[in-house]
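Each chain is listed here by its residues.
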Amino acid sequence: MALIDVKSFKKSFRGKTVHKDISFSVNKGECLGLVGGSGVGKSVVLRSLIGLEKADGGQIMIDGEDITKFSESQLTHVRIKVAYVFQNGALFDSLTIFENLAFPLREHTDLNENQIQEKISEQLEEFGLSGNENLYPNQLSGGMQKRVGLARSIIIGPKAILYDEPTAGLDPYNTLKIQEMILRMKKKGVTSILVTHDMPTAFAVCDRFCLIEDGRIKAQGTRDELENQKEGYLKKFIDGERGK
Amino acid sequence: MKTYFRNFIQFLGGTTLLSIEVFKELWTWPFPTKLTIEQIYQVGLKSLPIAFITAASTGMVMALQFGLGLEKFGGKLYVPKIVSLSIIREMGPVFTCLMLAARVGAGITSEIGSMTVTQQIDALRALGTSPIKKVVIPRVVACLFSIPLLVAIANAIGVAGGMLVGSSDLGLDPQFYMQKIFETITLTDYFSGFAKAPFFAIVISLVACYYGLNVEEGTRGVGSATTKSVVTSSIFILVGDYFLTKAFWVVEQWL
Numbered sequence: 001m002a003l004i005d006v007k008s009f010k011k012s013f014r015g016k017t018v019h020k021d022i023s024f025s026v027n028k029g030e031c032l033g034l035v036g037g038s039g040v041g042k043s044v045v046l047r048s049l050i051g052l053e054k055a056d057g058g059q060i061m062i063d064g065e066d067i068t069k070f071s072e073s074q075l076t077h078v079r080i081k082v083a084y085v086f087q088n089g090a091l092f093d094s095l096t097i098f099e100n101l102a103f104p105l106r107e108h109t110d111l112n113e114n115q116i117q118e119k120i121s122e123q124l125e126e127f128g129l130s131g132n133e134n135l136y137p138n139q140l141s142g143g144m145q146k147r148v149g150l151a152r153s154i155i156i157g158p159k160a161i162l163y164d165e166p167t168a169g170l171d172p173y174n175t176l177k178i179q180e181m182i183l184r185m186k187k188k189g190v191t192s193i194l195v196t197h198d199m200p201t202a203f204a205v206c207d208r209f210c211l212i213e214d215g216r217i218k219a220q221g222t223r224d225e226l227e228n229q230k231e232g233y234l235k236k237f238i239d240g241e242r243g244k
Numbered sequence: 001m002k003t004y005f006r007n008f009i010q011f012l013g014g015t016t017l018l019s020i021e022v023f024k025e026l027w028t029w030p031f032p033t034k035l036t037i038e039q040i041y042q043v044g045l046k047s048l049p050i051a052f053i054t055a056a057s058t059g060m061v062m063a064l065q066f067g068l069g070l071e072k073f074g075g076k077l078y079v080p081k082i083v084s085l086s087i088i089r090e091m092g093p094v095f096t097c098l099m100l101a102a103r104v105g106a107g108i109t110s111e112i113g114s115m116t117v118t119q120q121i122d123a124l125r126a127l128g129t130s131p132i133k134k135v136v137i138p139r140v141v142a143c144l145f146s147i148p149l150l151v152a153i154a155n156a157i158g159v160a161g162g163m164l165v166g167s168s169d170l171g172l173d174p175q176f177y178m179q180k181i182f183e184t185i186t187l188t189d190y191f192s193g194f195a196k197a198p199f200f201a202i203v204i205s206l207v208a209c210y211y212g213l214n215v216e217e218g219t220r221g222v223g224s225a226t227t228k229s230v231v232t233s234s235i236f237i238l239v240g241d242y243f244l245t246k247a248f249w250v251v252e253q254w255l
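Taken in sequence, the protein lines are chains H and A. Mapped onto the working numbering, the consecutive letters of the first sequence carry residue numbers 1 to 244. Mapped onto the working numbering, the consecutive letters of the second sequence carry residue numbers 1 to 255.
Be aware that one or more of the hints could be misleading.
Selected chain A positions facing chain H (in silico; Cβ < 10 angstroms) [said to hold, decoys possible]:
id : residue
1  : Gly14
2  : Thr16
3  : Leu18
4  : Glu21
5  : Thr28
6  : Met115
7  : Thr118
8  : Arg125
Calculated pairs, BS3-like style, for lysine-lysine (alpha carbon to alpha carbon, straight line, at most 27 angstroms) [as the list claims (entries may be wrong)]:
id : chain 1 : residue 1 : chain 2 : residue 2
9  : H       : Lys16     : H       : Lys81
10 : H       : Lys54     : H       : Lys69
11 : A       : Lys134    : H       : Lys81
12 : H       : Lys119    : A       : Lys34
Source of the hints: derived by calculation from the structure; they are not laboratory data. The structure displayed is predicted, hence computed values, not measured ones. Glycine included, C-beta positions come from ideal geometry on N, C-alpha and C.
The following block holds chain H by itself, in its conformation from the complex (with noise of 0.2 angstroms):
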């Protein structure tokens, strides 16, 4: 069954139009790769799904409920059970480590502060964190801020996570770690659509595919389906993604 289902999905910005007609369904447990070349509008669909962006037209089906027309605060609780990772981490510069990860567990959970406590620790530990719950954001490599993001995100333990171009800029040894994680989230069954240009870390945690183009899906389907499409279009894209 499907956990989010997009329909139609339309978008402009000022007149100018992004996206035209985006379909594709994402099922409980599964992992999607969003891909297509720069400027297509792929972190535009991901902002949508939990209506950072509001759609102009078309449907979004999260868990059985279409979030176009819901308000700020209907969306809150679409926004728990699906999780954002941002490309930079976007973490809360005025706030620690350890003040940015109890943020969702203080907002949304009846924790008190010595569970707070705990399971910030358990987190920390497994995302190869620990002992940098007192510093700052700026205080951390690109990198760890990154894994500090995600760590975020997934503490108050979402149905979904929607990974904006979680690898980019990061050395292989930070890409290998942020692999790591998603395929630990995917084993837990969280269903996941992943953003992303880099193609081996979409290979390796990715089950299904969507190639974004011109405002449309161009092609979809798993690794194998897309590389014997007579079309060719995946070939074509990391063809060109080499070539840049």
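With the hints as your guide, set chain A onto chain H.
Coordinates of chain A only, in the frame set by chain H:
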């Protein structure tokens, strides 16, 4: 011209919508008490020196100018009345709020603007919390609480500054100066000046938050939003002062 008009309409619409959201969320539980106290420290306590210097120098300069000018006509004795009345009714609230529009307004816009361009505002929304509740309301409430207090302090300092110059440079007896102040200033005078402070506080905070939340074009946009915020607040304070003075004058006629 067309762009300016469109931007102005957009600004009016945007600030109105923001005001409605702030008003709606202000009454929802829980109130962000800790964040508001932090902002009261930033807006109120940290603005004390600038409010003090502005008020003291305004009072001193006014006393000196009126004293030297009126001396030629033998009107030096009117200095306490004129200076205290001007400060209490106009100069205290307006000058203090203009300085706060620069200090507090610029600070709020640049801070929220930086949060916007680094996606921290989006992160708040993505984490299922409201930026209005976490970012805007603490600043609006802090301004509403602190700015009238700062104006009250500035009024007192301004009058004291005038008295200092009156006694030291103009040779007026401090006791006579005090007596004239208390004879002249009525509660109506005081409140017709002081009551402007909450209006100016709302203007400063809402305009600053609006520009901060609507920053575009990255870090360059933060700079331009900060400039717009200070200029817009200052214009609204100066123009609004005329209408508020007129409105209070009408009310005074009724009383």
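Here is how each hint holds up against the structure:
1. Gly14: 15 angstroms, violated
2. Thr16: 17 angstroms, violated
3. Leu18: Not OK, violated: A:Leu18 not within 10 angstroms of chain H, min 13 angstroms.
4. Glu21: With a minimum Cβ separation of about 8 angstroms from chain H (threshold 10 angstroms), the hint on A:Glu21 holds.
5. Thr28: 9 angstroms, holds
6. Met115: 8 angstroms, holds
7. Thr118: 7 angstroms, holds
8. Arg125: 6 angstroms, holds
9. H:Lys16 x H:Lys81: 31 angstroms, violated
10. H:Lys54 x H:Lys69: 8 angstroms, holds
11. A:Lys134 x H:Lys81: Distance of about 21 angstroms is within 27 angstroms: holds.
12. H:Lys119 x A:Lys34: Roughly 23 angstroms separates the two Cα atoms, so the pair holds.
Violated hints for the displayed structure, listed by number in ascending order: 1, 2, 3 and 9.
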